[in-house]
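K.L.:
The primary structure of each chain is shown beneath.
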Amino acid sequence: MQRTIVQEFTKGIGSENPIFRLVLGLCPALAVTTSLENGLGMGLAATFVLLCSNTIVSLIKGIVPPKIRIPIYIVVIATFVSITEMVMAAYAPDLHKALGIFVPLIVVNCIILGRAEAFAGKNGVFRSVVDGLGMGTGFTISLCVLAGIREILGDGKLWGYPVMGQSFEPVLLLILPAGGFFVMGLLMAALKMKDMRTAAMKRTQAIAEK
Amino acid sequence: MNITKLGFILGIFCVSAAFALSAVYESTKGKIAYEKEKVMQEALRSVLPEAKNIVLTTSPDGKEYYCGFAGDDTDVPPVGYAIVAAGKGYSSTIQTLVGLAPDGVIKGMNIMYQQETPGLGTKAVEIKYGEKDPWFQRQFIGSFGDTVAVDKDGGKIQCITGSTITSRAIASSIKQEVEWMRSKAILKPVQE
Chain A
1 MQRTIVQEFT
11 KGIGSENPIF
21 RLVLGLCPAL
31 AVTTSLENGL
41 GMGLAATFVL
51 LCSNTIVSLI
61 KGIVPPKIRI
71 PIYIVVIATF
81 VSITEMVMAA
91 YAPDLHKALG
101 IFVPLIVVNC
111 IILGRAEAFA
121 GKNGVFRSVV
131 DGLGMGTGFT
141 ISLCVLAGIR
151 EILGDGKLWG
161 YPVMGQSFEP
171 VLLLILPAGG
181 FFVMGLLMAA
191 LKMKDMRTAA
201 MKRTQAIAEK
Chain B
1 MNITKLGFIL
11 GIFCVSAAFA
21 LSAVYESTKG
31 KIAYEKEKVM
41 QEALRSVLPE
51 AKNIVLTTSP
61 DGKEYYCGFA
71 GDDTDVPPVG
81 YAIVAAGKGY
91 SSTIQTLVGL
101 APDGVIKGMN
111 IMYQQETPGL
121 GTKAVEIKYG
131 EKDPWFQRQF
141 IGSFGDTVAV
151 DKDGGKIQCI
161 TGSTITSRAI
171 ASSIKQEVEW
181 MRSKAILKPV
191 QE
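These protein sequences, in sequence, are chains A and B.
The numbering of the first sequence is the numbering used here, which starts it at 1 and goes up by one.
The numbering of the second sequence is the numbering used here, which starts it at 1 and goes up by one.
Derived from the structure by calculation, the hints contain no laboratory data.
Errors might be hidden in some of the hints.
In silico DSS-like links for lysine-lysine, alpha-carbon gap of 30 Å or less [claimed, not checked]:
id	chain 1	residue 1	chain 2	residue 2
1	A	K97	B	K88
2	A	K157	B	K132
3	B	K36	A	K97
4	B	K184	B	K156
5	B	K156	A	K157
6	A	K194	A	K11
7	B	K38	A	K97
8	B	K128	A	K157
9	A	K61	B	K5
10	A	K97	B	K29
11	B	K52	A	K97
12	A	K97	B	K63
13	B	K5	A	K67
14	A	K157	B	K88
15	A	K122	B	K5
Far from chain A, some chain B residues (derived; all Cβ distances over 10 Å) [unchecked claim]:
id	residue
16	Q41
17	K88
18	L187
Glycine included, C-beta positions come from ideal geometry on N, C-alpha and C.
Isolated chain B, as found in the complex (with noise of 0.2 Å):
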């Protein structure tokens, strides 16, 4: 068998393969778009307990944040604010999702993404036996400005034994977060 035939024949399976994993993408697609969306949606109510109605909002620097309201009108100042905080863990990027009061104190923190260390760095997202919610998240409801930190950077935020570097990743994502909300004015400046 010459070459051309035999690639003919791997060309015809690498066709079908492509037609059954596109029919197979198109039947999944909304259903897999939902769930992440429904997964936003939980943890942004979970963050943010008091806002009835969350908005997606942009900065003019592009960047995206949530606005939480307390009824349906959004012309009225929010009652809280939600964003997307980013750090370099020790083997994932780790996704926070962070409700803010207006006044920077953090409301509620929710973990989107980690592929960290099983055993150490993913307790970071471990609920104890008989309880309702990670230890580790709990931490940091009511942190604010220079105490969203790691005890080990004079914070007061509890590192989880074996895994500093999620932890601070954690941590400090979120600090630099809080901080660029309040440098754009969004937050209200702190009160001396």
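Isolated chain A (complex conformation) (with noise of 0.2 Å):
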């Protein structure tokens, strides 16, 4: 069943959500987001990527040989993402320090090879771009929600902002790499909890419709 435009760009963000369902890309996602700023910029440097690629695996899909098309896809990541990692030194110096190693980590971000191998490869330059777009937001919203639960309760803050009040005594574990995994844990488990409940809704509605 072909899906409509609007359908392959909500996707990204709900039901094929890189990071909450398919569980994609958890390397930088949990490493980056200690703070919503570092989140938002990951997200918005992956999302560059992700389009760019996308794109140009999408125009090159007719010439490039089956047999080597995975090499060929890293060479264009890996270009995208010196180009990305040299205009962000060059124009958003600050933002290029706080992401430091990161931004050349998004080469092997499987978020971007796994859409390039199971979407661009097989699809369309306009489909692939609203594909591109759709994941990648969906990227950044998840970065942001993690990062954000992680600055305020790991350091009571948000945007390097104070939110939380003098008394409040920030909860160091959540900053550190296993605080990461804890709020994903708890946000995937919320996530199935809910499809559970949706599902057992239908489920009694079908039977009280019998």
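Using the hints, build the complex out of the two chains.
P.N.:
Structure below.
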């Protein structure tokens, strides 16, 4: 069944959310989400790379021999990551300093290669662009949610401003890498619970209608 | 398809990627160097506020430091010095720029590079809400000689909670550079 363009975009945010549904690209997601600023920066940088790589991969899909498609995809992705890093260093030096090692690591972000392989290599340019935008938006939103929770509870701040008041004692653990797993796990459990509730509700409705 | 043909196709992609990269590198090179220089100049001005004219100087053994002069005349004794100190912290080499008065009292310090644990070691560059400068770095201003050490080592620098390694790396790397400048007689000898 062919999806509509709108569905192609929204699937990245909801039903096929890269972090919470596909569980892809967890390394950068857990490592940089110590502050909202870093989360947003990482999300936008990855979205940009994803958009560029999806476009190019869908353009060259006709001339790429299937046997060597993965190395070619990696070359395309690595090129865009390097470009992003240089442009960032030149025009957003503060963000570049904050993201540090995680910009080069976008190369190995499985979302980007995953979308090239699973989507852009089989679909047209327009759909691939929409898919890249949707997946990037979903990734950015997920990162911001993770980062927001961790920054508020782990540091008592949001976007660098204190929000919890003087008496609040930050839960340092949440800022540390282990805390990333805790927040991530709890959020996924909450989503799963919601899914199960909805499924159970549908079942009861179906039985009631019989 | 044989391997030669596949290799050739992959080669074409790599060459075009290389061209794209070199084009971006060339066009951003100047701006990146300018941004780095700007950060350095701002840091130098903040650690040596009295100096109007800051000159990069190389010692006879090849180490670089900065001399700050009050006016355009560079033949008079400098009003202060600045030097980059580097110390191994918890997860990165922390680079600091230290400004010194001619007698070795620290006039200012600025952390230029660090990749310490977010929320712990990075408190070294944290600015508390409503304040203008990082509290950890402010402690160094006015310290001198043996007091440039963390409280656990008998100095007057208060450690960052949970980040003794970071605090110690910064304090000891600065102390080392000050002692080096004193040993080379760049700084005035200690007055007893």
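K.L.:
Determine for every hint whether it applies to the structure shown.
P.N.:
Hints versus structure:
1. In summary, the hint linking A:K97 to B:K88 is supported, as the alpha carbons are separated by about 18 Å, within the 30 Å threshold.
2. Of the supplied pair hints, the one linking A:K157 and B:K132 holds, its CA atoms being roughly 17 Å apart against a limit of 30 Å.
3. Pair hint B:K36 plus A:K97 holds up; C-alpha atoms about 11 Å apart against a cutoff of 30 Å.
4. A hinted pair counts as satisfied when its Cα atoms are at most 30 Å apart, and B:K184 with B:K156 qualifies at roughly 25 Å.
5. Among the hinted pairs, B:K156 with A:K157 is consistent with the structure: their alpha-carbon atoms are about 29 Å apart, no more than 30 Å.
6. The hinted pair formed by A:K194 and A:K11 meets the criterion: a straight-line CA distance of about 17 Å does not exceed 30 Å.
7. Between the alpha carbons of B:K38 and A:K97 the distance comes to roughly 14 Å, so the proposed pair stays at or under 30 Å and holds.
8. For the hint pairing B:K128 with A:K157, the CA-to-CA distance comes to about 11 Å; that is within 30 Å, so the pair holds.
9. Of the pairs offered as hints, the one joining A:K61 and B:K5 holds, with about 17 Å between alpha carbons and a cut-off of 30 Å not exceeded.
10. Distance restraint check for A:K97 and B:K29: the Cα-Cα separation of roughly 17 Å lies within the 30 Å cut-off, and the hinted pair is therefore satisfied.
11. A threshold of 30 Å between alpha carbons decides the hint, and for B:K52 with A:K97 the separation of about 28 Å falls inside it, so the pair holds.
12. As the CA atoms of A:K97 and B:K63 are separated by approximately 26 Å, the hinted pair is consistent with the 30 Å bound.
13. This hinted pair checks out: B:K5 and A:K67 have alpha carbons roughly 11 Å apart, not beyond 30 Å.
14. A hinted pair counts as satisfied when its Cα atoms are at most 30 Å apart, and A:K157 with B:K88 qualifies at roughly 28 Å.
15. A distance of roughly 23 Å separates the Cα atoms of A:K122 and B:K5; the hinted pair therefore holds under the 30 Å criterion.
16. With a minimum CB-CB distance of about 14 Å to chain A, B:Q41 clears the 10 Å threshold, and the non-interface call stands.
17. Annotated as non-interface, B:K88 keeps its C-beta farther than 10 Å from every C-beta of chain A; the closest such distance is 17 Å.
18. No beta-carbon of chain A comes within 10 Å of the beta-carbon of B:L187; the shortest separation is about 31 Å.
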